[in-house]
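Novice: Here the protein sequences come in this chain order: A and B. Going by our numbering, the first sequence opens with residue 6, and the numbers climb by one from there. Going by our numbering, the second sequence opens with residue 62, and the numbers climb by one from there.
What the hints contain is simulated information worked out from the structure, not anything from laboratory work. The structure displayed is predicted, hence computed values, not measured ones. Be aware that one or more of the hints could be misleading.
Examples of chain A residues lying across from chain B (beta carbon under 10 Å, computed) [claimed, not checked]:
hint	residue
1	G130
2	A133
3	T137
4	N150
5	K165
6	I169
7	R202
8	S203
9	Y204
10	E243
11	A247
12	E328
13	N330
List time: in silico SDA-like cross-link candidates among lysine to any residue, alpha-carbon distance up to 25 Å [unchecked claim]:
hint	chain 1	residue 1	chain 2	residue 2
14	A	K368	A	G526
15	B	K89	A	G438
16	B	K130	A	S203
17	A	K315	A	E220
18	A	K331	B	F87
19	A	K334	B	R122
Don't be surprised by glycine CBs; every beta carbon is placed ideally from N, CA and C.
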Amino acid sequence: METLNAQKPTKNNNIAMKITGAEAIIHCLLAEGVDLIYGYPGGAIMPVYDELYKFQDKLTHILTRHEQGATHAAQGYARVSGRVGVAMATSGPGATNLVTGLADAQIDSTPMVCITGQVPRHLLGSDAFQETDIVGISTPVTKWNYQITKASEIPEIMAKAFYIAKSGRPGPVLVDITKNAQFDELDFTYEKCTKVRSYNPVPKPDLESIKAAAELINNAKKPYIVWGQGVILGKAEEELKALIEKAGIPAAWTIMGESAIPTSHPLNVGMVGMHGNYGPNVLTNECDLLLAIGMRFDDRVTGSLDTYAKQANVVHFEIDPAEINKNVKADVAVLGNAKDTLAALLPFVKENSHDAWHKEFDKKYEEEFKTVIENDIHPTKPGLTMGEVIEEINIAAKNKAVIVTDVGQHQMIACRYAKFEQSKSNITSGGLGTMGFALPAAIGAKQGAPEREVVAIIGDGGYQMTIQELGVIFQHQIPVKIVVLNNDHLGMVRQWQELFFDKRYASTVMVNPDFVKIAEGYHIEAKSVSKREDLKSAVEEMISSDKPYFLEVKVEKEDNVFPMIPSGASVSDIRLK
Amino acid sequence: MENQWFTISVYSENNVGLLNRISGIFLKRHINIESLNVSKSEIEQVSKFTIVVFTTEDWTRKIVGQIEKQIEVIKAFYHTDDETIYQESALFKIASALLFDERQIQNIIKESNSQIVTVSRDFFVLAKTGRRHEIDEMHDALEPFGILQFVRSGRITVTKEAMPITQLLEESIK
């Protein structure tokens, strides 16, 4: 265990100081390097808020307008910065409002620590006011959780919480603290946690499996890489790029892995999955070697497993042993952090270029470009498309923005067409598909990377799920750019209704308010455009602003996102129209 | 793949909440826990869950992967019946009068290798340890005479092969 010589409250290294549990929580956060947390106060967490008041010069608390917003903001912060996001709430409804964010962080492996207040220990189990069993409720959606009932437990548990949240495959941790533990005193010393005996966060890479992977790579005629967020979480971007370039392997990404390699890289062939690019999907079933790196074969990526890459040898680079053979059987499994395993692999890989194979991706791209992409980003029809809005943002922000998306059509279009030069730039709710994610996540992203342009792209449906977080943007003047692509529908569900439910548009039509007025109500500069000739200047004006800015773009109401792998179909059966 | 019996052994820290975490893994996949036993293990401060399932090996392997992933789980294994020595225990509460009225009961007690735990004026209690089918057979034999109460424990298991838990723990503490 590494002992931190906290300057406060220990007066010297040996003498612990008596402080309250509430104050101890603040010192734990400071010792973990936390300077920003998101949350919402309430009865059972008030002692901690009282300490936050005293420590506001060291620790900024952002009052979100709903606890769910606090979790998504913490997630946005974590995803863009690589640090642990922290959210805090009171007991009962405060705690249950964290659940969606916890589930989102769990499925997307986001390091987050949530702290909840709890009724005093003597009232536990008595159905006290605002008592809820948040440890029970959050168990399936946390990497770890714990209820502290004694002040003396606080330093050890908080240290463990941060260690577990950020180590190995990251994830959310919830620490529930009874009110008596916040009031009671303890002798405070803090030791950072560096080991939990029952927990092995990063399996040791095995040289034999690395050599076996290299041999498959060296003998493959049509090798193909699909990478995921594991590359970003493992900080393995450079190692992946080196592998791709040395072995000449075309590489595609899942939406969680997007931006790890620049969009412009010649061997970056695009997006896999339900609305991914044509070539990367179809050619999955034509490659002879599939290298899956830091990805987990989600059903939205694979389509039908019965027909997924059956012809190929599969090598799975993965930090989490439970992912091996979970969905797709691996011929070789390489366990470990992608940064270490790819670095170890590289010397065994022979230089190569698979030009003919790469040209097959080019051919498929041309086909997709003619049928889909051209009409999406350079449309000739009257209505505005989501694709052309993204393209204008690329141009105005010079491909440098962090793009934060919500869930639905706009998300798929943004992931398809946004261009990136830097890693950790595509922040989206991938696994859980949480509508309402983007607006608060964009707040966190901007605070986690203040020097970067952050553009939230949101549909009119998801926007209204967490619209109240405009209050945070206004109060703290957080200069995020908000683009609502308004088609007056829940577009993705409407698309499915059109294609698979005989156009029975059940509850997908939205009568929307005046979004500009709402933004202006929060004193946020706002504009709405509905004509092509106004789009470019509006996007430029938004990007050049150094303040929060809201832009509504009224897009074609009944556009569909293509290509598309119908649910349960094979990647080979992806439809271009 | 065909369904078969598997015994999952989980070595873990003794923490409140872990049972909830583990049972959730089965719940999520609609796999019934046929038997569950939690006790201390051969290692001090380490608990052992013994869980019996009837499912495919593929599912069992995936479940064990998910269990092992839990922070407080040290190691999880699965074994087929052939690979383990396993037992269950059962208690039968029977009216004392039957002991004298029904000669056959005494034969059942002898043949089943069960023990009389206690005898009172109104009832006596039989304990039987053995395989599931042996307990079932004894139950079926006694049932026609009337069983006042019956209870059977979860399966407890030791493996034929060595379990390198102590070694794994020492490595992880290093």
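Novice: Quick check: which numbered hints come out false for this structure?
Specialist: Going through the list in order, the structure violates hints 1, 2, 3, 10, 11, 14 and respects the others.
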